[in-house]
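A.B. asks: So the sequences go chain by chain: Z and V. Residue numbers for the first sequence follow this note's numbering, so the first one is 1 and each next one is one higher. Residue numbers for the second sequence follow this note's numbering, so the first one is 365 and each next one is one higher.
Keep in mind that a hint or two might mislead.
[Said to hold, decoys possible] Below, a sample of chain Z positions facing chain V; criterion: calculated Cβ distance under 7 angstroms:
#1 124
#2 129
#3 197
#4 230
Everything labelled a hint here was simulated from the structure, so no lab data went into it. Note that the Cβ used here is the ideal one computed from N, Cα and C, for glycine as well.
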Amino acid sequence: MTAEMAGAAAITMPTSATDPRDRGGPAQPLLIVDNLSRHFPVRGGLLNRRVATVQAVDDVSFFVRKGETLGVVGESGCGKSTTARLLMRLIEPDSGSVIFDGDAVGGRDGIGVNAMRRQMQMVFQDSYSSLNPRMTIAESIAYAPRMHGVRRKQAAARAEDLLAQVGLNPRAYARRYPHELSGGQRQRVNIARALALEPRLVILDEAVSALDKSVEAQVLNLLAELKARLNLTYLFISHDLNVVEYVSDRVMVMYLGRIVETGTVEEIYHHPRHPYTRALFSSKPTLDPDRRTTEMPLTGDPPNPINPPSGCRFRTRCKFARDICAAQTPALAPPFAPPSARPSSHRVACHVPEAQLAMENPHA
Amino acid sequence: MTDLATDPLARDLLHQPPGSALSPAAAAGGYWTAVAQRLARDPVTLAVTAILLAIVFLAIAAPLVAGADPYAGNVLARLKPIGTPGHWLGTDETGRDLWARLCFGGRLSLLAGILPVLISLAVGGFLGVVAGYAGGIVGTLIMRTMDVFYAFPSILLAIAICGLLGNGLSNSILALAVVFVPPMVRISETVTTQARQLDFVEAARASGTSALQIIRHHVLANVLGPILVYATSLISLSIILSAGLSFLGLGVTPPQAEWGLMLNSLRQAIYVQPYVAALPGLMIFVTSMCFNLMSDGFRSAMDVKLNK
Chain Z
1 MTAEMAGAAA ITMPTSATDP RDRGGPAQPL LIVDNLSRHF PVRGGLLNRR VATVQAVDDV
61 SFFVRKGETL GVVGESGCGK STTARLLMRL IEPDSGSVIF DGDAVGGRDG IGVNAMRRQM
121 QMVFQDSYSS LNPRMTIAES IAYAPRMHGV RRKQAAARAE DLLAQVGLNP RAYARRYPHE
181 LSGGQRQRVN IARALALEPR LVILDEAVSA LDKSVEAQVL NLLAELKARL NLTYLFISHD
241 LNVVEYVSDR VMVMYLGRIV ETGTVEEIYH HPRHPYTRAL FSSKPTLDPD RRTTEMPLTG
301 DPPNPINPPS GCRFRTRCKF ARDICAAQTP ALAPPFAPPS ARPSSHRVAC HVPEAQLAME
361 NPHA
Chain V
365 MTDLATDPLA RDLLHQPPGS ALSPAAAAGG YWTAVAQRLA RDPVTLAVTA ILLAIVFLAI
425 AAPLVAGADP YAGNVLARLK PIGTPGHWLG TDETGRDLWA RLCFGGRLSL LAGILPVLIS
485 LAVGGFLGVV AGYAGGIVGT LIMRTMDVFY AFPSILLAIA ICGLLGNGLS NSILALAVVF
545 VPPMVRISET VTTQARQLDF VEAARASGTS ALQIIRHHVL ANVLGPILVY ATSLISLSII
605 LSAGLSFLGL GVTPPQAEWG LMLNSLRQAI YVQPYVAALP GLMIFVTSMC FNLMSDGFRS
665 AMDVKLNK
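Assemble the whole structure, with the sequences as input and the hints as a guide.
C.D. replies: Now the structure itself:
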């Protein structure tokens, strides 16, 4: 962010530089995830022995800059949602660390899990099941602040304010129950609920995936508006490539619990390097005849995460696979031929230069 | 923020015709009001509830409505048919007024039917919610212990416990309570596990709510309905089982009035006065049927999703 931009922004809204909770300054990523792993034991047989392990999230490292939207894409079962739940500590990671604005979460010198949760909230996919059917909309939104010691009246006032902010008239909706609302309205309520603790980072786990296209667009616009007004940072998880392209600054592609490629939207969408990313994008529907791709879409299901392939997990479906792909796990590294000479954050986990170069610009 | 009353998009979102005042009327009334409204439109549930209330009233007010001593026999007036003057429902094999005995019998039968369910509801409900919410080792320990009880057929288990403790009303109540704990644990564990996995519980955890508060505010409210419905349906089974225990001579002892015991003693008169002999059985049938239908009615009335 340039000084000029920061100055202009400071007049209209609080920026991360003026947020009293900001500790690391604008250059400090809001979230750094380091080698995060979670393996689920598969139990069975006599005495519930561990018979196998699902490597749901394996050695995942990434960062989210302040004020940006990081999109996470991948097939279902690739570990997107598990990553989100690990970040919220809804499930405990086996190993790895999470650093929130420079403070290690749960570390000795860092911040506690609950302190982190006050600054990081999550919106779930299923708008119906993420609201307690026995509570009114206003009660659901006010619940978290109440649990954190906010007085009933103040919490209720905050709930009404948040309802208005997400475009629902508090007078008409505050006392309704979830089943009396449409899916789009419920998802607005869920967004208000997530914002009730005034978080800085919001994880949107397929938050718009269950909505109709027209409602989805309205909610996406609302999210953009809230992001600008409240100076939020988003981790946007979705399987919808078009939506991720629309909302994200940077994109992370996951496959079978690992990150295969990460970079800016431009880099990932127009200069994808990993064979999996390219295959994924060739399955993306488009109406533009000039953008039709000739690359074969992926066939078959991803391999069973219980026994993932050794080395590169994509090699069983990759036409460029070689011996090294089975022997060594590829690390995330700068691509062999960067789209431009200037340094970029583009990283790809692939051993084979030809695979990365096979089609320089699939949409050209 | 644009003015919601004039912004066309907002108005559209609010489903309000232009110019109309936003009324919170649709929102008034909570979940239980909606349940009551749905119950009011269900004649079967209303009817069986009325019958049950009448039976309970007769049992409670037995000394007032019976009109005769349920223990005073008359050798000259044995096994009179229905409609006999002075004994409008006839008399049993020792000449005791059957109407009086049915009224007084309702007291013990209902007590023996309802109390075991209440005990198992408290014990089993608690264990089930703990097992369902805690999961892991605690849950496994509780559930596997319950599986041991499940290995026995319920009536055999009740007979075995009763045989062990000796006969009597309190022992039969205790035996039935033990029999009903495992299914109660299973039901409440299942619904708690389901509720626990719902996103709103995850959302509450994600906002730093403690386990106790989550159970109190989010789990119990959503779990109590199905557990209570199941408990109501268990009452009918409990009435039948306790009547069965008395019939076998393991529960209430003669000359006390209890429907199962009355059925047993009148059994020998089935060829002489079949209609009189069938009356205690009819009471057991009607009462348990009504509890069953009532629990069905409550179940559908409490199912929020039907109204979605």
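A.B. asks: Are the hints correct? Go through all of them and say.
C.D. replies: Outcome of the hint check:
A distance limit of 7 angstroms between C-beta atoms decides the matter here; for residue 124 of chain Z the minimum to chain V is near 4 angstroms, and the interface restraint holds. Using the Cβ-Cβ criterion of 7 angstroms, the hint placing residue 129 of chain Z at the interface with chain V is satisfied: the shortest such distance is roughly 5 angstroms. About 6 angstroms separates the beta-carbon of residue 197 of chain Z from the nearest beta-carbon of chain V, less than 7 angstroms, and the hint is met. Violation of the interface hint for residue 230 of chain Z is found here, the shortest Cβ-Cβ separation to chain V being roughly 13 angstroms, above the 7 angstroms cut-off.
In this structure, only the earlier hint numbered 4 is contradicted, and the remaining ones agree with it.
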